[in-house]
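Which chain is which? The protein sequence lines are A and B, in order. In this text, residue positions in the first sequence follow our numbering: the first is 5, and each later residue adds one. In this text, residue positions in the second sequence follow our numbering: the first is 7, and each later residue adds one.
Where hints are given, some of them may not hold.
[Said to hold, decoys possible] With a straight-line cut-off of 20 angstroms between C-alpha atoms, the simulated SDA-like cross-links for lysine to any residue are: (1) A/Lys-415 to B/Gly-13; (2) B/Lys-326 to A/Pro-347; (3) A/Lys-403 to B/Ala-28; (4) A/Lys-403 to B/Leu-80; (5) A/Lys-383 to B/Val-320; (6) A/Lys-415 to B/Ser-12; (7) B/Lys-10 to A/Asn-345; (8) B/Lys-122 to A/Ile-348; (9) A/Lys-384 to B/Phe-319; (10) A/Lys-414 to B/Gly-13; (11) B/Lys-122 to A/Pro-347; (12) B/Lys-326 to A/Ser-364; (13) A/Lys-383 to B/Leu-314; (14) B/Lys-246 to B/Ala-235; (15) B/Lys-317 to A/Lys-415; (16) B/Lys-10 to A/Pro-89; (17) B/Lys-225 to A/Arg-359.
[Unchecked claim] Footprint (simulated), chain B over chain A, 3 or more residues, beta carbon under 8 angstroms: (18) 236-242; (19) 402-413.
Treat the hints as calculated values from the structure; they're not laboratory data. Glycine included, C-beta positions come from ideal geometry on N, C-alpha and C.
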Amino acid sequence: MAFSFRGGVSPNPNKNTENCSIDLFPLPKTLCVPVSQHIGKPATACVAVGDTVVKGQLIAVADGNFSANIYSPATAVVSGFETLPLFNGNSCVHILLDVCNEQKPPLTLEPIADFDKDKIFKRVKDAGIVGMGGATFPTHIKLSPQKTVNTLIVNAAECEPYITCDYRVILEHTADVVEGAKLEAAALNVNNILIALTKVIGNDSGITVVRLKTKYPQGSEKQLIYALTRRVVPQGGLPSDIGVVVSNVQTVFAVCRAVRHGEPLVERVTTFSGNAAQNKGNFVVPVGTPVSTIMDFAKVSNAEKVISGGVMMGFALCDFGVTSGKGSSAFLFLTHDEINNSPISACINCGRCHRACPLSLMPMYIDGFAAAGELDAAKKYGALDCFECGCCAYVCPAKRPLVQSIRLAKKLLREKKH
Amino acid sequence: MTIKVSGSPHITSPLTTRKIMARVCIALIPCVVAAVYLFGIYSLLIIAVSVGFAVLTEYLFNKVTHRPQTVQDLSAVVSGLIFGLSLPVSVPLYLVAVGAVFAILVVKMLFGGIGKNFANPAVTARIFVTLAWASAMGRFVSPLNYQNGFLNEFFKYCGYALTNTGVDAVTVATPLADNTVALLNLFLGNHGGCIGEVCALAIIAGGIYLIATRTIDFKIPLVMLATFALAILVFCGVDKVLPSLLTGAVLFGAFFMATDYSSSPNSFVSIIIYSAGIGLLTAIIRVYGSYPEGVSFSILLMNITAPLLDKFFVPRAFGKVKKSKEAVK
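The shape of chain A in the complex, shown without the other chains:
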């Protein structure tokens, strides 16, 4: 039996790149590494203009506990610092690097061979590992929960259409993923490890592999936990409140590399896809690679939308100077036919948005009340609870921009509070 949750949608998976094995992305001439590649405080740059750094050298130090270290992805010369936009519209300081032609051997930390809880925790923190499913939550904070945890779920649901990087990682680096899961479990002192997939590709003693129903948003943390354990994360709470920690496949993989091989997090596997890209596939992309470089490499033409992340929750880019980061699961180059161009018409009150909502919210009413400025009513139907998965807008036959309406309601409600 495949595990599932309430609501959700089944968009065309479009996993065109699932048979493309992981390839190295050619090292760009220039890199532009943002100091904020995680939720929390941006890191502080610890290099100066003119410094030569090598791959694996610390270039920005975590600012406090709720932050993450950043390492250089290549042998390069620091050419400057500039405040530039991030993919999500915010901006932060970027460290500009001119990559040297001659690459020196990378710096590594001392490999750890055992399962010592404190050593693993410290290494995860030092290596700058963050949640690589997209939320980029610092992993060492996840590994030090306030409450007792008894289950670790490795999230390999990858429910967004097009994206196949996690699938390739678990297929090609199975042993490292399993080892990483065991390391995280050791740090958490947990015996129960679940690896959640939509396709079962193997088994390992001490680890349960569970099959999920192919449905969006199956990879959403709270929906995934509910599907597998029937436990409900209370609103505003964390999964650790109900004894669960969820980690993305690539996070777990990065933990293994950092602990066993001493490699800090400087690159990740990212999917390039969409019909506007000729050179599709799954590539190991260094952090700080500009999207324009990726577009040249992927031979993009006639793209009507460029998306960082997935088509359901990703960000449409307008500035191709923005760079890849630790959370970049995909860059999608979509043609006119692949994206939503439908004109918006009146709501027909069909109720599909409510039935598709994994949280049982009522988007049709939030939409109407937000437009009318009746914020209390919008709140009553769940505006503040929404996590913007986009199922409602996906199923809407009138093609209403429901998620935007909900964002508007959220924004106005927050302003009203202050």
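Here the structure of chain A is known, so what remains is to put chain B in place on it, guided by the hints.
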């Protein structure tokens, strides 16, 4: 290179309002065929006038009020079809035209067009013409065609003796809740009634199509019919249940009228109360009321409660914790 930038999600399902309405039209085809077969070509005229005036009204309203044209979404066609099919074959065509104009102009467009009408246009128009032309609407004409048509041959072949309830007379007293008509006749539409409502087979075929394509919520017809059957069982006894289900507008109302999107509620509890309410009220009006038929009144009444129901029964969001007394302190 022009680039589009917008908020997520960036893709949408292929389903559109127009496709949904087209599905409803497809689901109504068996009813139209049955109507023409059973009641003759005049019933096609009724349907054509109803659809024509419904679409024309919406088109002209949008023209006159300088609104974007909406007739291409086919919702006026659906309203026209349902209204036309819910009339008896004895009505004059001007009545059909007036009813169709009333449905679209007063019930739908004046309240803001598609999705904004608080009541089902076809149902409200039917009530309007029932009250305005009580004598024309109160006669349930028997099908003209079953005496010498294919159905009769079929019955003879099967060895059924046709119960002649008004074969000779053009009009008969209402056969509603009359158990003397053979159930099979009722099922195949071989009895007096409105042109689209007599043939249970055609209605159920259309209803199954709508449920299978997930165009309508199966809960509405299911709960409505179950409540209605239960109420009839309690009020009149077991032998009245099937004839009651197969006569009048119960089936047609359950699949095509009560399921109207804009006038039905959305949350689970609301849908159950709404559908059960229609079923119960229909049974009460039929058994104890002075009108022989109560489906349209019941639907209209529950339509009005739909927004209130959704206001009272907001589903609890996933993960939302009920505020305990301690938390309030």
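Enumerated hints in conflict with the structure, sorted upward: 2 and 15
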